[in-house]
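Model the full assembly from the supplied sequences, consistent with the hints where possible.
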Amino acid sequence: MANYRFYVVIWVILVAATVLEVETRFISSPAQFLVAGIIAISSAKAIVIALYYQHLRYESKAIKVLPLLALVALGALAVTAIVSLGG
Amino acid sequence: MVYFALKNRSKTDRGTTESASALSRSRAREAVIFGSISAILLFALAVGSYRMTIYIQNPPVPSESLTIGVTAYQWGFKFQYPQNITTVGECTIPSDKPIIFNVTSSDVMHNFGLPDFKLKIDAIPGRYNIIWITTPTVSGNDTLTYQIRCYELCGTGHTYMIGSLVVMSPTSFNEWVNRNTSNKTGGM
Amino acid sequence: MGILYLVTSIYFLIVAGTLAGLVRVQLAVPNNTLLGVFQYGQTVTLHGLIMILWFLSPLGIAFANYFVPLQIGAKDLAFPRMNALSYWLYLTSGLMLASSVFLPGGGPDNGWTFYAPLNTSEFSPQIGVTLVALSLGILAASVTMSSINFITTILRTRRKGVTWTSMRPFAWSMLFTNVLMLFAFPPLALGVVLLTADRVLGTVFFSSMQGGALLWDQLFWFFGHPEVYIVVIPALGIIAEIITTFAGRPLFGKKLFIGELAAVTALSIGVWVHHMFMTGINFDVREAFSITTMIISIPFEGLVLNLILTLRKTKLKLTTPMLFALGALFFVIIGGITGVFQAYVVLDYAFRGTYWVVGHFHYVMVGTTIFALIGAIYYWFPKITKRMYNEKLGKITFFVSFIGFNVLYFPYFFLLDMPRRISVYPANPEWWPLNLTATIGALIFGPAILLSIVGLIRYFKNGKAASTNPWGSSSTEWTGEYAIPPTDLPVDTTQILSNPAEETENQPYGGDKGKPTYVPAIIAVGGVIFSLGIALYLPVTILGLTVLLAATVKLFKDGISDKFAELKEEAMETWPFGSVSKDKLGMWIFLLSEIIIFGSLIIVYLYVRVTSAAWPNDTQLHDLAIGTTNTIVLLTSSLAIIIALQAMRAGNFKAAKTGLAATLFLGLVFLWLKLGFEWPNLFGQSFFPTLSGLPASTYYILTGAHAVHVGVGLVAVSYLLLKVQRNKFTAENHSAIENVGLYWHFVDIVWMFLFPLFYLI
Chain L
1 MANYRFYVVI
11 WVILVAATVL
21 EVETRFISSP
31 AQFLVAGIIA
41 ISSAKAIVIA
51 LYYQHLRYES
61 KAIKVLPLLA
71 LVALGALAVT
81 AIVSLGG
Chain C
1 MVYFALKNRS
11 KTDRGTTESA
21 SALSRSRARE
31 AVIFGSISAI
41 LLFALAVGSY
51 RMTIYIQNPP
61 VPSESLTIGV
71 TAYQWGFKFQ
81 YPQNITTVGE
91 CTIPSDKPII
101 FNVTSSDVMH
111 NFGLPDFKLK
121 IDAIPGRYNI
131 IWITTPTVSG
141 NDTLTYQIRC
151 YELCGTGHTY
161 MIGSLVVMSP
171 TSFNEWVNRN
181 TSNKTGGM
Chain X
1 MGILYLVTSI
11 YFLIVAGTLA
21 GLVRVQLAVP
31 NNTLLGVFQY
41 GQTVTLHGLI
51 MILWFLSPLG
61 IAFANYFVPL
71 QIGAKDLAFP
81 RMNALSYWLY
91 LTSGLMLASS
101 VFLPGGGPDN
111 GWTFYAPLNT
121 SEFSPQIGVT
131 LVALSLGILA
141 ASVTMSSINF
151 ITTILRTRRK
161 GVTWTSMRPF
171 AWSMLFTNVL
181 MLFAFPPLAL
191 GVVLLTADRV
201 LGTVFFSSMQ
211 GGALLWDQLF
221 WFFGHPEVYI
231 VVIPALGIIA
241 EIITTFAGRP
251 LFGKKLFIGE
261 LAAVTALSIG
271 VWVHHMFMTG
281 INFDVREAFS
291 ITTMIISIPF
301 EGLVLNLILT
311 LRKTKLKLTT
321 PMLFALGALF
331 FVIIGGITGV
341 FQAYVVLDYA
351 FRGTYWVVGH
361 FHYVMVGTTI
371 FALIGAIYYW
381 FPKITKRMYN
391 EKLGKITFFV
401 SFIGFNVLYF
411 PYFFLLDMPR
421 RISVYPANPE
431 WWPLNLTATI
441 GALIFGPAIL
451 LSIVGLIRYF
461 KNGKAASTNP
471 WGSSSTEWTG
481 EYAIPPTDLP
491 VDTTQILSNP
501 AEETENQPYG
511 GDKGKPTYVP
521 AIIAVGGVIF
531 SLGIALYLPV
541 TILGLTVLLA
551 ATVKLFKDGI
561 SDKFAELKEE
571 AMETWPFGSV
581 SKDKLGMWIF
591 LLSEIIIFGS
601 LIIVYLYVRV
611 TSAAWPNDTQ
621 LHDLAIGTTN
631 TIVLLTSSLA
641 IIIALQAMRA
651 GNFKAAKTGL
661 AATLFLGLVF
671 LWLKLGFEWP
681 NLFGQSFFPT
691 LSGLPASTYY
701 ILTGAHAVHV
711 GVGLVAVSYL
721 LLKVQRNKFT
731 AENHSAIENV
741 GLYWHFVDIV
751 WMFLFPLFYL
761 I
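Residue numbers (our numbering), protein chains in the order written: chain L, 1 to 87; chain C, 1 to 188; chain X, 1 to 761.
Derived by calculation from the structure, the hints in this document are not laboratory data.
Just to be clear, a hint being listed does not mean it is correct.
[Stated by the list, open to error] In silico BS3-like pairs for lysine-lysine, Cα to Cα no more than 30 Å straight-line:
no., chain 1, residue 1, chain 2, residue 2
1, L, Lys61, X, Lys584
2, X, Lys255, X, Lys317
3, L, Lys61, X, Lys255
4, X, Lys254, L, Lys61
5, L, Lys64, X, Lys255
The model shown is predicted, which means the values in this text are computed figures rather than measured ones.
Given below as structure tokens:
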């Protein structure tokens with residue numbers, strides 16, 4: 001059905017992104033770019049899965065807010081933990 | 001606040017004749033006033049304490065002070081002097097200089113505390129934390145003794161993890177250093 | 001359920017209270033020899049753990065179980081059987097904890113804060129510590145389930161008329177408390193899992209320099225600070241309820257009150273580093289948290305003001321619950337002020353690790369919380385037992401405990417130099433008179449509280465019959481009236497139904513009657529056996545898993561969808577979650593806790609990697625081909641499950657079955673590639689936590705945790721397959737597929753991050 005195709009397209013995008021990620025490893029580039037690029041791609045994949053497979057794009061604002069709250073709390077922990085290491 | 005609470009306990013029914021909206025406006029106003037006053041107080045204190053924290057945080061220049069390495073362990077304190085002396089349990093210092101304590105631990109988390117100075121700092125394995133003090137002047141053969149205590153639970157010996165800080169006059173201290181440089185470890 | 005929690009928590013109160021008594025008696029005189037150092041250490045540790053986690057919070061949960069549904073007009077919680085499971089996990093974990101002292105080697109003596117590296121096997125070899133760590137994990141599971149339940153219930157199943165503005169303060173306070181529980185307990189659970197892995201599997205999270213003390217500190221206090229608000233916010237809600245009833249007027253500035261509660265809740269997630277001011281970490285971080293701690297005191301103070309101003313210009317009925325509530329309010333002022341002092345880094349040089357801190361938190365935890373909770377028992381006594389307690393006895397116990405409390409705890413503020421958790425102190429004149437006074441206070445306070453409880457138990461049987469609303473309260477749990485415009489409703493909601501059998505067509509409740517089941521209890525027992533296996537003797541874990549499996553199978557056979565009476569959709573207030581079904585909302589809230597726990601785990605990985613000077617080149621260590629294949633396998637499985645969902649919606653059962661079967665198959669492929677291929681490969685290269693330290697520890701724990709989640713997902717998918725097979729789903733009624741899908745996609749998302757972390761960077 002038409003609907004299936006949509007999800008298959010998403011799948012193709014995700015697999016392509018994965019291949020892209022793997023390829024970046026073989027590019028010789030300063031480590032920071034590599035890491036930043038890979039993290040960016042991973043986050044993009046995660047967001048695509050969340051928006052389309054988990055249907056977040058079509059849910060009410062109230063539901064969309066929930067994962068964001070969790071990420072904010074996590075952000076606080078991440079930033080604090082890592083920054084506090086610099087004496 | 002406490003006064004208010006106590007005072008109102010015994011209030012009898014007086015009823016209120018203010019209209020509802022006037023009541024809520026005055027309430028809102030009161031809330032904002034209270035909130036602002038406390039915020040101002042807090043932040044005034046914050047500025048003051050920030051300055052003080054910076055003062056405490058910044059130890060004096062090492063060339064004008066004596067730096068002693070403190071290693072907390074289960075269950076006592078080891079002190080290392082720049083003159084290559086190590087003592088256990090008792091730390092001797094001169095009274096004319098600021099003293100910097102460079103604190104770490106060799107096993108679990110401890111806390112190097114000087115209750116008489118209201119100062120303490122965590123002793124964490126793998127990390128070096130600094131506190132510093134200045135002491136009152138001591139002359140001649142007098143000594144001043146202060147207690148050192150551990151302020152972080154560190155096992156069954158925590159209760160008895162006590163040391164002492166002995167302050168001597170500068171000349172006595174130099175004699176002490178000379179005495180102890182000949183034998184590598186002093187104290188207990 | 002509320003009564004079960006109530007009784008169990010009072011039991012734990014008595015246990016922990018006795019421990020407290022022991023502490024005070026030991027410290028009554030200098031150089032006391034009543035308790036040895038190790039026994040004393042266990043006493044304070046268990047006292048702290050039991051009081052905070054197995055008494056204070058659960059008693060709040062007890063009232064929440066009983067009264068939140070009544071206050072919001074729901075029949076029960078959103079997921080009643082999960083609620084039962086929460087209770088059994090709470091009980092069993094508490095018993096497991098208490099039993100640790102009887103194990104060889106004794107129980108934990110490292111303080112309720114369980115600092116690293118003291119908590120590792122090197123410094124605390126006794127198995128009791130592992131057992132307690134596991135009980136904390138089980139309790140965390142219990143609490144997380146509770147929070148999912150309560151949040152879903154309050155967000156989604158209120159009766160029409162219970163709008164956000166009209167909802168009672170206690171219900172609001174329980175909403176905020178549960179949100180904090182949802183966010184705070186995952187890092188604790190993570191911490192204890194990592195600690196158990198350290199102790200049992202040889203990983204090195206807390207014994208390595210790179211992880212160690214500070215890693216535990218960050219995880220524990222990220223949990224620990226919200227935890228204390230979890231303890232105190234219900235108390236504030238209770239105080240609001242009690243004083244509005246006995247002052248005979250509504251709460252002063254209710255909207256402001258709720259706003260302040262919301263502010264305190266949100267901010268409490270951002271202040272935890274004030275427990276770490278003396279650790280020597282980055283100065284700016286400490287100052288930043290000092291400021292957030294100051295900021296949180298403002299709405300907190302606002303809350304107190306709202307409560308005090310409610311007492312103004314009105315006649316106050318000083319009944320026993322009112323007295324306890326006022327006492328609690330008084331204590332929160334002292335406790336709060338002493339708390340604000342501790343927001344300043346510079347003062348912490350003096351306060352850290354001393355009795356000053358102990359004084360502060362006992363004022364808020366015991367003074368505010370226990371007094372409020374006991375007030376709640378008196379307040380709601382007539383509602384629960386339909387009898388009246390003895391007013392005179394109640395008042396006497398109040399006054400005696402009030403005095404005893406202050407004699408006990410006020411001296412602590414003068415013991416500024418006395419270190420915490422020492423079992424013996426020398427006979428110096430600054431310390432022993434204060435300590436002796438405190439012990440005398442304890443001997444007054446403890447028995448007074450005990451007398452209060454005994455009195456309540458006695459009058460539970462013999463009290464005079466009470467009317468349905470003896471206090472004349474206007475709160476919904478007493479009156480049964482929910483503020484609704486009568487014409488807007490299709491059903492008659494002016495009665496509270498207490499017996500589902502009385503339902504008729506007009507009533508707002510739909511659904512079948514629910515039968516009590518013993519499955520949740522069995523699951524709890526299975527969990528305990530599993531934990532005992534881990535702590536004591538690994539093969540026993542197999543028994544635990546078998547029990548869990550059996551219980552799960554029984555649950556599947558009974559059918560998971562709840563068969564309990566619940567409000568019909570038209571009778572519910574649902575903004576702003578009206579477009580989401582109750583089950584989906586529950587799943588999303590569950591996923592929030594998962595985001596936090598996996599997120600924290602990834603943060604742990606980043607933390608130790610950043611602190612490590614040298615890290616092996618992951619890309620050479622982990623097989624990229626397998627990793628990439630697995631990634632694609634998992635992505636395909638996500639596709640499969642969503643196609644199954646679409647197929648189901650279109651009524652195409654065959655395609656749905658195929659989709660689910662494909663998901664199952666691909667999931668199994670993933671696990672086989674990882675566990676049957678990759679891991680044995682690495683074992684063959686001697687890549688073990690004990691030998692390769694942090695890189696191995698992080699790899700196995702992260703991918704292992706993920707694999708466990710995949711496994712659980714596969715069990716769920718199998719259940720779905722069975723249901724489709726038996727034609728239990730229809731094109732309209734198949735929400736389980738969607739909800740399991742949400743979980744499955746989440747597990748996929750996690751892998752999207754794990755893959756690069758281990759194979760690419």
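Results of checking the hints against the structure:
1. Lys61/L to Lys584/X: holds, 15 Å
2. Lys255/X to Lys317/X: holds, 25 Å
3. Lys61/L to Lys255/X: holds, 23 Å
4. Lys254/X to Lys61/L: holds, 26 Å
5. Lys64/L to Lys255/X: holds, 25 Å
Consistency note: the structure conflicts with none of the earlier hints.
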